[in-house]
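A.B. asks: Generate coordinates for the entire structure from the input sequences, incorporating the hints supplied.
2 protein chains.
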Amino acid sequence: MKLDFSVAVHSILYLDAESPRKITSAELAKSLQLNPVMIRNILSVLHKQGYISGSVGKKGGYLLERDLADMNVGDLYDLTIPPILSYAKFTTGTSKGLTPNSDDPTDISGNIGETLNDLFTLADKDYRKFYHRFTMTDLKADMLNHGHFETLVN
Amino acid sequence: MKLDFSVAVHSILYLDAESPRKITSAELAKSLQLNPVMIRNILSVLHKQGYISGSVGKKGGYLLERDLADMNVGDLYDLTIPPILSYAKFTTGTSKGLTPNSDDPTDISGNIGETLNDLFTLADKDYRKFYHRFTMTDLKADMLNHGHFETLVN
Numbered sequence: 485m486k487l488d489f490s491v492a493v494h495s496i497l498y499l500d501a502e503s504p505r506k507i508t509s510a511e512l513a514k515s516l517q518l519n520p521v522m523i524r525n526i527l528s529v530l531h532k533q534g535y536i537s538g539s540v541g542k543k544g545g546y547l548l549e550r551d552l553a554d555m556n557v558g559d560l561y562d563l564t565i566p567p568i569l570s571y572a573k574f575t576t577g578t579s580k581g582l583t584p585n586s587d588d589p590t591d592i593s594g595n596i597g598e599t600l601n602d603l604f605t606l607a608d609k610d611y612r613k614f615y616h617r618f619t620m621t622d623l624k625a626d627m628l629n630h631g632h633f634e635t636l637v638n
Numbered sequence: 485m486k487l488d489f490s491v492a493v494h495s496i497l498y499l500d501a502e503s504p505r506k507i508t509s510a511e512l513a514k515s516l517q518l519n520p521v522m523i524r525n526i527l528s529v530l531h532k533q534g535y536i537s538g539s540v541g542k543k544g545g546y547l548l549e550r551d552l553a554d555m556n557v558g559d560l561y562d563l564t565i566p567p568i569l570s571y572a573k574f575t576t577g578t579s580k581g582l583t584p585n586s587d588d589p590t591d592i593s594g595n596i597g598e599t600l601n602d603l604f605t606l607a608d609k610d611y612r613k614f615y616h617r618f619t620m621t622d623l624k625a626d627m628l629n630h631g632h633f634e635t636l637v638n
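Protein sequences appear in the order of chains A and B. Heads up, the first sequence is in my numbering, so the first residue is 485 and it goes up one at a time. Heads up, the second sequence is in my numbering, so the first residue is 485 and it goes up one at a time.
Relax, there's no trap hidden among the hints.
All copies of an identical chain are treated as equivalent in the list; a pair is satisfied when it fits inside any one copy or across any two copies.
Below are the EDC-like pairs computed for lysine to aspartate or glutamate, each with C-alpha atoms no more than 20 angstroms apart in a straight line:
1) K514 with D488
2) K613 with D602
3) K514 with E598
4) K486 with D610
5) K613 with D488
6) K514 with D588
What the hints contain is simulated information worked out from the structure, not anything from laboratory work.
C.D. replies: Written out as structure tokens, the structure reads:
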């Protein structure tokens, strides 16, 4: 879900702004206005991938482990939003299991599902490339100066 | 919804395959395996934009009004899937009405929503460009020969 990406990005910017102070998930939850459990799930992914370090206990909390310039926005997008493996819900015609005629290429109902699935998959791949054009430094810059992204793109 | 696009594309290919026979929405519903009402809503959009003509009554039905080569897949995508105007559901931090600090650019919670909204909007714009690279002739070709899209893209 797109929200997972937003949580990751917001958390990273918050840790960056408060660095080198250790930040708890409770404090992040307040800034993100979201449930701490949800945030911890995303932080655990960021932790595993070496974006942040974390410790528990009284003086525990999270710290950033990389510079914003070394964090690609597309990498974070791919990490938090897995590609949709099947677009079955968004295609028409008979499902694969029910198509005796999918071997007949002129049978639209039996073949359009695969074509649309391929089109959507290629479009999603292309979509992700857009996010890979930016680092977290760009995202921070846009936050300090709204409209910055637009100038980068055009 | 992506499904609306699939309905439009499937209907057009079906009318093309059966041309010049007039096709009723009931017949299309059978091929699409969807409710005729939903299909009629999309057909009405295609009709207004001059993609198809339609007549009611005993000998009524729909006919294609343009060649597949003159139908851009991106135009059909834009027609059936309006851009998301607000990504509020997918962003974190305080909503606009609740942010006395959104004037302070260092307030992450008050500013990240706008930045993420801008990023997603630009990404969606870019995403649509992908579909504009194809015509309905390409879509038909992929259906007759799965993998065709992949060769066009790479």
